[in-house]
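Enquirer: Letter by letter, the chains look like this.
Protein chains: 2
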Amino acid sequence: MKNRIIIFVITLFTGVSYACSQVDLSKYVDPYIGVDGGGNVFPGPCVPFGMVKLGPDCGNKDWNAGWDPTGNIHGFSHVHVSGTGGGCKYGNILMLPITGAIQLNDYSSPRSEEAIALSSYSVKLDRYNTQARLTALSKSGFHEYTFPESNDSKIIIDLGSFLQSHEKQMLVGSEVRILSDTEVEGYSRIRGGWNEGGPYTVYFYARFDTPAKETGTWKSNRLYPGKLSQTDTNEKTGAYFTYQTVKGQKVCAQVGISFMGTNKAKANLEEMKSWNFEEVRNTAVNQWNEILSKVQLTGSEENKKIFYTAMYHSFLQPVNRTGENPKWASDEPYYDDYFAIWDTFRATHPLFTLLVPSIQTDMIRSLIDIYKHDGYMPDARSGNDNGRVQGGSDCDILIADAMVKGLKGIDYETALQSMIKNAEIAPGGDERKEGRGGIDDYNTLGYVSTRHERAGSRTFEYANCDFAIATVAKRLGKQEIAEKYYQRSNNWQNIWNDGIESLGHKGFLWPKNADGSWCPEDKFSVFTSGTWPDFLYETFSWEMSFYVPHDVNKLIEKCGGKKQFINRLDTYFTHERWDQRWFMGLFQISNEPGFLVPTFYNYAGRPDKTAEVVRKTLRTRYNTTREGIPGNDDSGSMSSWYIFHALGFYPNAGQDVYLISSPLFQAATLSLENGKELKITAKNASDKNIYVQSVRLNGKELDKCWFRHTDIANGGSLEFIMGSKPSKWGKSGELPPSLSTN
Amino acid sequence: MKNRIIIFVITLFTGVSYACSQVDLSKYVDPYIGVDGGGNVFPGPCVPFGMVKLGPDCGNKDWNAGWDPTGNIHGFSHVHVSGTGGGCKYGNILMLPITGAIQLNDYSSPRSEEAIALSSYSVKLDRYNTQARLTALSKSGFHEYTFPESNDSKIIIDLGSFLQSHEKQMLVGSEVRILSDTEVEGYSRIRGGWNEGGPYTVYFYARFDTPAKETGTWKSNRLYPGKLSQTDTNEKTGAYFTYQTVKGQKVCAQVGISFMGTNKAKANLEEMKSWNFEEVRNTAVNQWNEILSKVQLTGSEENKKIFYTAMYHSFLQPVNRTGENPKWASDEPYYDDYFAIWDTFRATHPLFTLLVPSIQTDMIRSLIDIYKHDGYMPDARSGNDNGRVQGGSDCDILIADAMVKGLKGIDYETALQSMIKNAEIAPGGDERKEGRGGIDDYNTLGYVSTRHERAGSRTFEYANCDFAIATVAKRLGKQEIAEKYYQRSNNWQNIWNDGIESLGHKGFLWPKNADGSWCPEDKFSVFTSGTWPDFLYETFSWEMSFYVPHDVNKLIEKCGGKKQFINRLDTYFTHERWDQRWFMGLFQISNEPGFLVPTFYNYAGRPDKTAEVVRKTLRTRYNTTREGIPGNDDSGSMSSWYIFHALGFYPNAGQDVYLISSPLFQAATLSLENGKELKITAKNASDKNIYVQSVRLNGKELDKCWFRHTDIANGGSLEFIMGSKPSKWGKSGELPPSLSTN
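Each protein sequence line maps, in turn, to chains A and B. According to this note's numbering, the first sequence is numbered sequentially starting from 1. According to this note's numbering, the second sequence is numbered sequentially starting from 1.
Since the hints were made in silico from the structure, they are not lab data. It is possible that part of the hints are untrue.
When chains are identical, the list treats them as one kind, so a pair holds in a single copy or across two.
[Said to hold, decoys possible] Using 27 Å as the maximum straight-line C-alpha spacing, the simulated DSS-like pairs for lysine-lysine come out as follows:
no.: 1; residue 1: K609; residue 2: K731
no.: 2; residue 1: K304; residue 2: K474
no.: 3; residue 1: K168; residue 2: K421
no.: 4; residue 1: K327; residue 2: K372
Make a model of the complete structure from these sequences and hints.
Expert: Next comes the structure, spelled out in structure tokens:
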């Protein structure tokens, strides 16, 4: 009786605490936003940076997040990634409630009544007349299955199932063991997938609230009724639990997941303290509210829905796997599923730095620890293995960004070593895995020549990464190193071809051969898009020619001066051309290399044009539908881009610079980790009033169209006055810094 | 009753079969030979190429095979390597019979009554008054423990124990689970060690023949009596089983080992069909007899003891891990613990090709499968990870050797691809891991310059490896590739410095800078030995200057012609110089780069001098003591060198050439896999009669001092007449082939 009172008091206290510090913003999160139209976001239950992402694997199991809009459901698996492109990864430890005999060759079922909400997924499986409700915590999943009346109701656990597509995953092996009529454990070992990584093993331990009347296992395509375990012979295995059920009978399962072992998987169930679905779900929702409540908004419900869902999407990855690293023992944090830093260094990680700097610090520390044990920091990483590198060694920019924004607790000396290793030591055999490919050229010729793949992307990105190295070296007092890399950060100019003309603009990034000759114009065009083996990766010269984030002033000069540069930006943002199937603008927010370009107007003193492009993009490319994200969310990249611009500014990653665009909300209060608040107000802000008329930063008039992280890191205020017409604001103030002018 | 009869009949049949096909040669194997004096061979129970090598880990746990001569015994662990140098590897899943409380900080015990025989190890543990007897099969170990009278007898299983030294292993994690009063399972995950490899996991399942009265576990340094399992938190764990024993009571354990999972470890116990120590041991001994009986000898008992023990040592590694590959699923064989091919390509693998070509074929197939999945063939590999490369990419030579000796069932096209990858694609970040380091120099300058480590070893070895590539390309009809690599195989000449003089001989391998200038003589000496970061790896210029196996004729020319070359060999084999601590000959059979040099006299028409050097080496550097192997056995390399020369010939690996030296035994019959026999007789052979007077090969007079594999691959006869004085034989016949003269 005494105990009950104590529990009651604690519950009361928790409730009070919740009411004080958190508002239920979770209602604004709609996991359906962006599931379709290539957004590829993961719609199933999970918590911020959670290791378990529990959701359905559908159709041909070739959708990157497992879910697809119409395909049959094969089951619910526990590990997924969100918003990725290319080949699939994960889709491990799959469970399904069925009735009748198991058709091992295809047990999938059509679905109906699918309903997705934050940390809750439910669906009816028509083939079996069963229902499933799912929720999840950090390292465990909760399944609530509802059966019809049947003496052959079953829960199956398939350890040979995983997502598949091109750049495919392959089964290495699996093991399963039924421990009792309510317990089963085992593992699934897979290699490959998008990052072409080595083998990873997902262990599980599942317990059920109802004893099974019979159990069995399978191996390859053969069922073994009554057999309690299957041994790893590089084949698929699975297990099933059979129940006699009355109509509507529920059987629940709690499933612990681990990358270490089955004992650890079981221990990871400690966080799952209840057999009540709603209680478990509430625990997850509370974790989301803690993140979401870092930003309090005043504005339209529609925009809030887009915004908070974007926050939700931004905080899905990388995944916190501290304590779950099977490759080395370390006291450092461990994060996996950097998928990919090429995408997320631009907006997502800067968002973490602003809202959750302690987590961003942990991520940086994990990157350095990966360098120390695996040899290189990753540009992408998944399944405990580095890969792949799309362009530059973009983790360099994360380090520089952390340093200029004052993140503490990071070993910057070792970080610099790892950056220099990227720059100087070729990764060898597989140049898509890590480090920098083609540096035999870059470090001798000053550019990557056409004899290497992705030569254009690499040269331009390496230049910006070199600037990041210089940034860190300079702050560490290593002047000689800083000088060397500042110098190298000009290398983009070595493949700038002044002779190329397009749509009235001269000078473009252009393929150059190792002998110094240019690729002829009949072999390459400024509109040629490419991928892995090509000159440019997921971009084209018209767009990638803007990619000089560290020296926009020099870029302006190369483009013929400010006026011509503004014209060039205008063309980029307005020109439409026939692209095989439709007219398409040159600017596509769906592609990261263009992320920063809208704010380049600021560098030419025209923040009003930045506002126009940004607000048009927010308005036309983001919405609350299933296709509400402009393209592949790329691990929250599209979402983070939205968040920054909706708040009214955008980071130039690796530099202590935010460029002002156009705030969407009338007010936004950011609760910073240090307990301070950043209060953003935008008087008169509306769909029409998109132009900044004036800004006050921390109470002082701000006549320039940018500010520094240090200006807001300790809280403060950012007061915009908005209007329907361009104003003089920001046009004559100090311009943002650039390498060649600072 | 019926069953008993059947078993009796089977036993009888097995017995008869054994008597017909096998002689008990196991009595000639003394596992103590070479355990000390740096031989580092593994003395414990195991079977040919067996995955489990069960033996004691002693002293500071810094002896490469676990055993040391005097240190305390920590316990008996299941995975070891034999005859390795550098840092330790393995020493996993350690068990010990004790009495009383467990001192987790040091439970080791002094020993007495240690006795080692083939597949049997026994010892008394003085601290506890317990005894242990061990034997092992391919994937499982058998422990027979004898306890004193005690109500606190214990068997402990430590999953945090492993061998340690420089190039050290590190614990990644471990898990343990007691399943019943007679069963326990778990794993130990380790990374590092000599090859600086990634993490490997050793799983185990142990069952005892006696129920424990109590059990418990530990984690880190804390005991948990009664707790049945420990979870992986990157710390060491262990378990113990307690018994009440009467004096002399035996408790036996059968332990299955796996690199896949605990179920697989349990399944691997299937081979262990008896709880009777002798029965299990006999199974192991029979497997050894099957190997040993491939050579039937007539000669002294002493020499037979050395010979058969050398065979035993040669057949310990690489380890057959087919079905135990946790990195990919494949139908190809899987071998691990190539430790290292730099050692074993010279004599050990050629021995396999002669005696067990089907196994050598499987090994080559495993190398190609490793290339297909890990990116490079290994030069060394352990714990499922490539590393390290000491000089060349010597697996190239294995491929060429297999091809010229006609091994079937190998995908030579893919093999050639992998060889070309070695030659052309730099391994990157860690150039000690795989492939060829320094090829930015080698493939442009024609040599590895002094700006790279091991530049001398690499240049000379790459040249021979290039010859191997040309050999394979030519046989595949790829003339252009063959020509290119034949050309490159001359590259050793690019760092041959005619101006260097030593002990009256001119022209030596010499460090050359990238600008083409030579290293000055006051900075380098022909006597300078080196290791990883140096110009030469485990050799010195006087010795390594001979390393031109593919073009000995050109080497003779560079040395000033035959006469001068013979003089130079004489100097190499007779000169002694003060080497810090003692006078030392230039020639040291303890070091592989000198392995082939004795037979170089054959290339100059002086096989009598080959005989002298070889027989002196066999006589003075090999014996039946614990220091009976001239140096580190290097995974059977020293042993295989002995075997070939004791038979009277030695391979020039990668070429279809055996060079005749001087047979030790009066007769030797080799039972080949194809059912044919090679009968070697050596009339008058004795310690004095070391000179070949004449040879008949397959009944025909052989006037040259070499022959081809094809001459003996289908059996035949090799009839030597020996005498006490050099004869004219072999001096005027056709000389062995060389690149520049064939």
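Enquirer: Hints first: check each against the structure and report whether it holds.
Expert: Hints, one by one, checked against the model:
1. K609 x K731: This pair counts as within: shortest intra-copy Cα distance 11 Å, inter-copy 92 Å.
2. K304 x K474: Classified as neither; 41 Å inside a copy, 70 Å across copies.
3. K168 x K421: between (30 Å within a copy, 24 Å between copies)
4. K327 x K372: both (12 Å within a copy, 23 Å between copies)
Of the hints listed earlier, the one the structure fails to meet is number 2.
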